[in-house]
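Assemble the complex: chain U is given as a structure, and chain P must be docked to it using the hints.
Letter by letter, the chains look like this.
Protein chains: 2
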Amino acid sequence: MIDRAREFDDADPLAKYRDRFDLPTDVIYLDGNSLGALPRATLARLEQVIRGEWGGGLIRSWNDADWIGAARRVGGKIAPMIGAQLHEVVACDSTSVNLFKLIAAALEMRPGRKVVLSEPGNFPTDLYMIAGLERQGLGKRKLASRESIVGALDNDVALLLLTHVHYKSGDIHDMVALTKAAHDAGALVLWDLSHSCGALPVDLNAAGADFAVGCGYKYLNGGPGAPAFAFAAERHHNTMHQPLTGWFGHNAPFDFSDDYEPAAGIDRLQCGTSPILGLAALEVGVELISEIGIDRLYAKSQALSEFFLAGLADCGLDLEGVGPSNSDERGSQLSFRHPEAYAICQALIARGVIGDFRDPDILRLGFAPAYLRFVDVAEAIRHLVEVFANEEWMRPEFQTRNAVT
Amino acid sequence: MIDRAREFDDADPLAKYRDRFDLPTDVIYLDGNSLGALPRATLARLEQVIRGEWGGGLIRSWNDADWIGAARRVGGKIAPMIGAQLHEVVACDSTSVNLFKLIAAALEMRPGRKVVLSEPGNFPTDLYMIAGLERQGLGKRKLASRESIVGALDNDVALLLLTHVHYKSGDIHDMVALTKAAHDAGALVLWDLSHSCGALPVDLNAAGADFAVGCGYKYLNGGPGAPAFAFAAERHHNTMHQPLTGWFGHNAPFDFSDDYEPAAGIDRLQCGTSPILGLAALEVGVELISEIGIDRLYAKSQALSEFFLAGLADCGLDLEGVGPSNSDERGSQLSFRHPEAYAICQALIARGVIGDFRDPDILRLGFAPAYLRFVDVAEAIRHLVEVFANEEWMRPEFQTRNAVT
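Just so you know, the sequences run in chain order U and P.
The opening position of the first sequence corresponds to residue 3 in this note's numbering, with each subsequent residue numbered one higher.
The opening position of the second sequence corresponds to residue 3 in this note's numbering, with each subsequent residue numbered one higher.
Next comes chain U alone, as it looks inside the complex (with noise of 0.2 angstroms):
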């Protein structure tokens, strides 16, 4: 299997790429999807904004390092990546906090309908997110399982908010379809393009999508926490209006007047100022991935997970999938259902193979193809193997919880 792991290796046109991330060289990493690798270049980046831009800049640098500029900059980076134009992604908050926005704008854009329209095991803070609307009485929680979702398409959602590839199975929602079905009836479309976007070729303007949140963290190596992105099609720029009216998204923030105008424009979903340092490491990740290009990266994510499968199937390893057998269906990563899922995770971690656990019994395995060779996981396999053949997962320091799974 290492034979042809080193061949398929051989003819990778992303081979190169790998190189320009920093890795460790004792670890076989299979959680890009959790927290993308270090990018080479992010260091050098972050010491000459600190350095020169904070350190020597000082305050000059909101207009002679373009500062102000940075979120939209970032934004209109990712934006090719998803199928939106420059003007329509932002960089800023969290993924969460974006969330909070777009639902509350998208409830507020549908007035007599209150029912915000999601799966059961969605992605958690998606579905929290509803929560505190719900609260506040603005919105109000339904789940239907991806089978049932068009149904349950009534008269009273006002918004779907699905994750376009789920975090635990890597299925694939249908963008095209499901818009569709939301816009006939009546309601708008939040996509989560958290585990997609930097892993899959994603066109939300293709798809006709209202609205669309991501991480910066994962596929995108911004570094643990960057910052996130939020995307708002260009026909709802100044009807929409989200509730975090905060200086940064005002039409004049330098005026400092007192009453709040939202700024024209996609600016609007910004809040409060620009989180400096976290955009400069996520902007260094974005150009990185955006340089190698997105159909490359999921052709070869493709071949990687495939590769993997077949090689479990070669040693004769009959793990229980959960999610599509075939790569068009899924994401850039394989799921695993296992009793013991929490401690083969330990176990393969202490022989420095990092995937991840998702409770209650998920074996995550992500192959993200910007800095994963097939030797590499040709060796998680034989790692793996090795871990059956000797129960590991049954000695004592692997059972104990960490705070973070």
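In case anyone wonders, no lab produced these hints; they're calculated from the structure.
All values derive from a computational prediction rather than experimental measurement.
All C-beta atoms in this analysis are idealised placements derived from N, C-alpha and C, irrespective of residue type, glycine included.
Be aware that one or more of the hints could be misleading.
Claimed, not checked - Here are the simulated DSS-like cross-link-like pairs (lysine-lysine), alpha carbons at most 27 angstroms apart as the crow flies:
| hint | chain 1 | residue 1 | chain 2 | residue 2 |
| --- | --- | --- | --- | --- |
| 1 | P | 170 | P | 144 |
| 2 | P | 116 | P | 142 |
| 3 | P | 116 | P | 144 |
| 4 | U | 182 | U | 144 |
| 5 | U | 170 | U | 142 |
| 6 | U | 116 | U | 142 |
| 7 | U | 142 | P | 116 |
| 8 | U | 142 | U | 182 |
| 9 | P | 170 | U | 116 |
| 10 | U | 142 | P | 182 |
| 11 | P | 182 | P | 116 |
| 12 | P | 18 | U | 116 |
To be verified - Residues from chain U that face chain P, not an exhaustive set, calculated with beta carbons under 10 angstroms:
| hint | residue |
| --- | --- |
| 13 | 19 |
| 14 | 21 |
| 15 | 25 |
| 16 | 44 |
| 17 | 48 |
| 18 | 140 |
| 19 | 227 |
Quick look at chain P alone, frame taken from chain U:
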């Protein structure tokens, strides 16, 4: 004057701390109240976080480097500066977003009352964040001038929202008296400490304050757009509910359950994933300011601004001061009104003296005591006198407005 300044610097117990900051040699920085200077330790710390924790530790650093505890750890280091208990402060999001959380929480705690009382000319984002809740039908803004605030506290007021030190005039509100007046009227109080924290003593618990927010990038030197902080008095921890119900505010975020359940205590004020790079830089600034000590900082800032005013008088430069002439009644800044304030500010910047302009006619000079020398103040006076002697503001290049003023 310069000789007297040198004597003061020689006798200044804080003089040695200037070297803990990385300041350009050709600049006199009178804008630490807008963006604090760069601590020398920040770059090394960020290098450690980026290369070691992110690059090397990858996802493991959520546990191993205690990223998961960063918001509380940094909050706990801010707490002693503002008279809070360690478990009453969390560092997260922006000041604006934290304002929204706490305004909304307060409105829910006072059912039947909708009014958020503030003052005209408060920092814009404080006033703007009420607008979103007003539009949602949940709050109603009322503004009363400083003199009439107590009289305006009627039975409709749910929350009194004030900035402790006024961003423009430097005026300090009487936190004890106004908190008591609000409580007597059945209202809660939310203090914005953006221009206080790190500059002068604040004792939230002695005043009986309910809530507070503050900025990380001014006197705490956390870097441009640094995470902000939020305080809630312990007595409210399990009764307050804020609407930004993200997964980092959940009682058990890594259970990945569908239903939101707020964390016990201050953690329910968190929302999305903690911004680790921003928090790391903020932590360095907070540690440094904490080491110097607020009482000493405040004493020096008073001495600096008094030295400035005495120097102006000596030079016969008669500027119209805005705000209190008594340094006990103002924050760490001085403001002056002049019809050409913008161009004067630009002329000073061209000379390397960086203050700022606040619309429409205010020249604001900050005296951040951690790194400013008396000789800097003396030099600033000399430049200001020369700008006036030459009427330099009349030059066209100083009249053109930048994007950020």
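Hints and how they fare:
Under the criterion of a C-alpha separation no larger than 27 angstroms, the hint pairing residue 170/P with residue 144/P is consistent with the structure, at around 20 angstroms. This hinted pair checks out: residue 116/P and residue 142/P have alpha carbons roughly 6 angstroms apart, not beyond 27 angstroms. Only pairs whose Cα atoms come within 27 angstroms are accepted, and residue 116/P paired with residue 144/P is accepted, the gap being roughly 10 angstroms. At most 27 angstroms may separate the alpha-carbon atoms for a hinted pair to count; residue 182/U and residue 144/U meet this at roughly 19 angstroms.
Proximity of residue 170/U to residue 142/U is assessed by CA-CA distance (about 25 angstroms); at most 27 angstroms being required, the pair is judged to hold. Distance hint between residue 116/U and residue 142/U is fulfilled; the C-alpha atoms sit about 6 angstroms from each other, no more than 27 angstroms. Under the criterion of a C-alpha separation no larger than 27 angstroms, the hint pairing residue 142/U with residue 116/P is consistent with the structure, at around 22 angstroms. Restraint check: the Cα-Cα separation between residue 142/U and residue 182/U comes to about 22 angstroms, which is no more than 27 angstroms; the hinted pair holds.
Using a Cα cut-off of 27 angstroms, the hinted pair residue 170/P and residue 116/U is violated, with the two alpha carbons roughly 42 angstroms apart. Our distance criterion of 27 angstroms between C-alpha atoms is broken by residue 142/U and residue 182/P, whose separation comes to about 38 angstroms. With a C-alpha separation of about 20 angstroms, the suggested pairing of residue 182/P with residue 116/P holds against the 27 angstroms cut-off. Distance restraint check for residue 18/P and residue 116/U: the Cα-Cα separation of roughly 60 angstroms exceeds the 27 angstroms cut-off, and the hinted pair is therefore not satisfied.
At about 16 angstroms, the closest approach between the beta carbon of residue 19/U and any beta carbon in chain P exceeds 10 angstroms, and the interface hint on this residue is violated. Look at residue 21/U: its Cβ only gets to about 14 angstroms from chain P, farther than 10 angstroms, so that hint breaks. Checking residue 25/U against chain P: minimum C-beta separation of about 7 angstroms stays under 10 angstroms; hint holds. Interface restraint check: residue 44/U against chain P, minimum CB-CB distance 6 angstroms, threshold 10 angstroms, status holds.
A least Cβ separation of about 6 angstroms between residue 48/U and chain P falls short of the 10 angstroms threshold, and the interface hint therefore holds. At a threshold of 10 angstroms, the smallest CB-CB gap from residue 140/U to chain P is about 6 angstroms, leaving the interface hint in force. Because the beta carbon of residue 227/U sits about 4 angstroms from the nearest beta carbon in chain P, less than 10 angstroms, this interface hint is met.
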